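Dock chain B against chain A, hints included.
Sequence order for the protein chains is A and B. Note that UniProt numbering numbers the first sequence so that position 355 is 355, with each residue one more than the last. Note that UniProt numbering numbers the second sequence so that position 49 is 49, with each residue one more than the last.
You may find that some hints are simply not true.
Which copy? The list can't say, so a pair holds if one copy fits it or any two copies do.
[Claimed, not checked] DSSO-like mimics (lysine-lysine), calculated; alpha carbons at most 30 Å apart, straight line:
#1 Lys153 with Lys91
#2 Lys55 with Lys91
#3 Lys13 with Lys55
#4 Lys45 with Lys55
#5 Lys88 with Lys23
#6 Lys13 with Lys306
#7 Lys261 with Lys55
Derived from the structure by calculation, the hints contain no laboratory data. These numbers were taken from a predicted model, which means no experiment stands behind them.
This is what each chain is made of:
2 protein chains.
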Amino acid sequence: MPFSYVSHLHCPKCEKTYSSREKHQLCACGSPLLVAYDLNELRNKLTPETVATRKPNLWRYHELLPVEDAAHIVSLGEGMTPLVSMPKLGKEMGIEHLYMKDEGIIPTGTFKARGAAVGVSKAKELGVRQLAMPTNGNAGAAWALYAARADIKATVVMPVDAPTITRNECAVAGADLYLVNGLISDAGSIVGEAIRQFGLYDASTLKEPYRIEGKKTMGLEIAEQFSWELPDVILYPTGGGVGLIGIYKALTELQALGWIKGKLPRLVAVQAENCAPIVKAWKEKKQTSEFWPDSSTIAFGINVPKALGDFLVLEALYKTEGCAIAVEENAIVGEQQNVARLEGAFICPEGAATFLAARRLREQGWIRGGETVVALNTGLGVKYPNTVDIEVPVLQPSDRLSAERIFTE
Amino acid sequence: MPFSYVSHLHCPKCEKTYSSREKHQLCACGSPLLVAYDLNELRNKLTPETVATRKPNLWRYHELLPVEDAAHIVSLGEGMTPLVSMPKLGKEMGIEHLYMKDEGIIPTGTFKARGAAVGVSKAKELGVRQLAMPTNGNAGAAWALYAARADIKATVVMPVDAPTITRNECAVAGADLYLVNGLISDAGSIVGEAIRQFGLYDASTLKEPYRIEGKKTMGLEIAEQFSWELPDVILYPTGGGVGLIGIYKALTELQALGWIKGKLPRLVAVQAENCAPIVKAWKEKKQTSEFWPDSSTIAFGINVPKALGDFLVLEALYKTEGCAIAVEENAIVGEQQNVARLEGAFICPEGAATFLAARRLREQGWIRGGETVVALNTGLGVKYPNTVDIEVPVLQPSDRLSAERIFTE
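Extracted from the complex, chain A is given alone in its bound form (with noise of 0.2 Å):
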């Protein structure tokens, strides 16, 4: 039996396909590329009882990833992480079964960990040994990171003002990193011309095919969680959109296998109003989005003004009955707050930003009583320092605390 399914690549604009087994970029005509498996072939070969006995990282789903030989997987340890229920939080929201799916716990502290491995397991079995990306910081992290386990080298540029801590990991794990004085969009330029003169491997969202299997595997997780009984919900904090898209696709790889039945969940894309193109896209029932000038916010993975994928975000969204939704900038932080205050995970903004869209959406009714509805935290609180803001008191070593605060609750 072989260790992956995979079959070859295709494009979902114009059908052209591609050998899985070669170095591929964008399709000829500009669109990303998707990877297909032999799922006819592997319906009766796999059943979720065998999965369920393999280790608890994401290469339990070994045959629907594109890495053919073992031997090249680069992993450290990432997957499986939990699913965690939010009891009392979803009471004050008026959601009765209230799950979070907690990508901080993964190795690089965000859901980038995913794609990374998946994408530098492939890459290295492709024989790439120069990787290059721009990167708004956590999915620079996470590439440098497994690309110094592959013996990949990897160059990273990112704008000056990503989280700082991002910048240390890309620099300790040895990448050749620059800062760049302006957007992302500026760190991509400067990426394309170095790719076109010195030709590297171009790992920018989307522009290798298999990131999205990496992200895939939130999808297969989820719906082992539930032991293959989905949820009604599930959001997502959407910038580049790749974990949407990938989710979609999880679900209808399982669909093909028999693995799942019924109604696919509804996808929900969770933007902020200051950066909201596929919000507006979807709400004018386009099928691509439109570039979103000068954003800004708290959530800064999710300041995504053009996503290369936006036809497949949207196509997502479409085929489940799903939504988009902006959520308020200001009232982010409060509801990262209320998740550690009630829940006791600390969680970051864009992962803040789909809980606050959760609560608007069961205020609007979209999310009806009694639904099970699951949000993603794509990464860890401690990430983001600069999201809490508190005063402390400060006592001197002969100072006592006082009754009046012990006993205030």
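Okay, now just chain B, sitting in the frame of chain A:
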């Protein structure tokens, strides 16, 4: 079949016993209390095969944990952290089979989550409504977050120079937080006074018996991850030493159950040269340590001049034919970079000290060729952003990357 096989508490110094269904802190003699289980009863009722079918978190070992009613479990999905092979680092060190148990991949980003999960769950079961503790940072953050989830009010006091991010974690969890212009011993005095005055539950290290049980699960997981065939050496960064005490306790319980056989792994307590009381005591073959004056290390989490459980740490070293070793302060950051550049893991300075100790013990021949070695990384590097000191070129959007840097490897 009961959920837990806990039987009672006992004092390792004076042998006095206590009920595990009432709140207890230290023994009347001043020693920490340990939790006992009815292992003879359990021996024929639980098998490794049954454990293997359970969810990948530390509660898979619930029979060996003190919580008697599953309804009292306060969980964020902690445990079953990755065991990661470190082939390139191992080759550089001359350790053929080197592994990292990565305790960064856990809620709150440090192994303190284990003690907090089990400690807070048991506190909830015992009806605790308010707890208090001094902390160097990470333990306070973990207990504050789990206490929030449990609806227990937490009062936390930490030195002003504890890592800022841990301060933020406590605050965002809604803990009653204070900084003290002094050391953890000053924080301890203030907390101790408040506990006496207001009757709070004392969650200080080893002053409640259940934190060890949470830390114990690291030992249970290592045994399971090695298919119950243990490694030769386990290295642990030692401040309070609770994890080392816990791992030793886990191994002796697994021996009693008959799940592991033969010699136990040699346990190694790793300290920094500037705070090495356990190392000094071990070299002098003492049963307890002396207070280490003016201690200071970049590995802030192991800056503990006198541990309450020192006698238990030393006993574990003697019983397993292990050792204690102090590493050079100024080589810790370099080892942290080695681990990131070679293996793609950004670990905390305490974890880096442990790899540095493995390197030194191999150089000295104490670790022998062909042995299997596990180093514990106790937390995420991203929680200590200041250990990475970098200079990064800043580009203007019109700049281009140079061929010299791209092709220099």
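Alpha-carbon proximity between Lys153 and Lys91, which holds within one copy, between copies, both or neither at 30 Å: between (48 Å within a copy, 20 Å between copies)
Within, between, both or neither: Lys13, Lys55 at alpha-carbon 30 Å: Neither: 37 Å inside a chain and 40 Å across chains, both beyond 30 Å.
As a check of your reading, is Lys261 near Lys55 (CA-CA no more than 30 Å) within one copy, between copies, both or neither? both (25 Å within a copy, 24 Å between copies)
Evaluate Lys88 and Lys23 at a C-alpha cut-off of 30 Å and name the case that applies: within, between, both or neither. Close across copies (27 Å), not inside one copy (48 Å); limit 30 Å.
My question is about Lys55 and Lys91: at a cut-off of 30 Å on alpha-carbon distance, are they close within one copy, between copies, both, or neither? between (34 Å within a copy, 26 Å between copies)
When no copy is specified for Lys13 and Lys306, does a C-alpha distance of 30 Å or less occur within a copy, between copies, both, or neither? within (18 Å within a copy, 66 Å between copies)
State whether the alpha carbon distance between Lys45 and Lys55 is at most 30 Å within one copy, between copies, both, or neither. Both ways: Lys45 and Lys55 sit 19 Å apart in one copy and 24 Å across, limit 30 Å.
Checked against the numbered hints above, the structure breaks only hint 3 and satisfies the rest.
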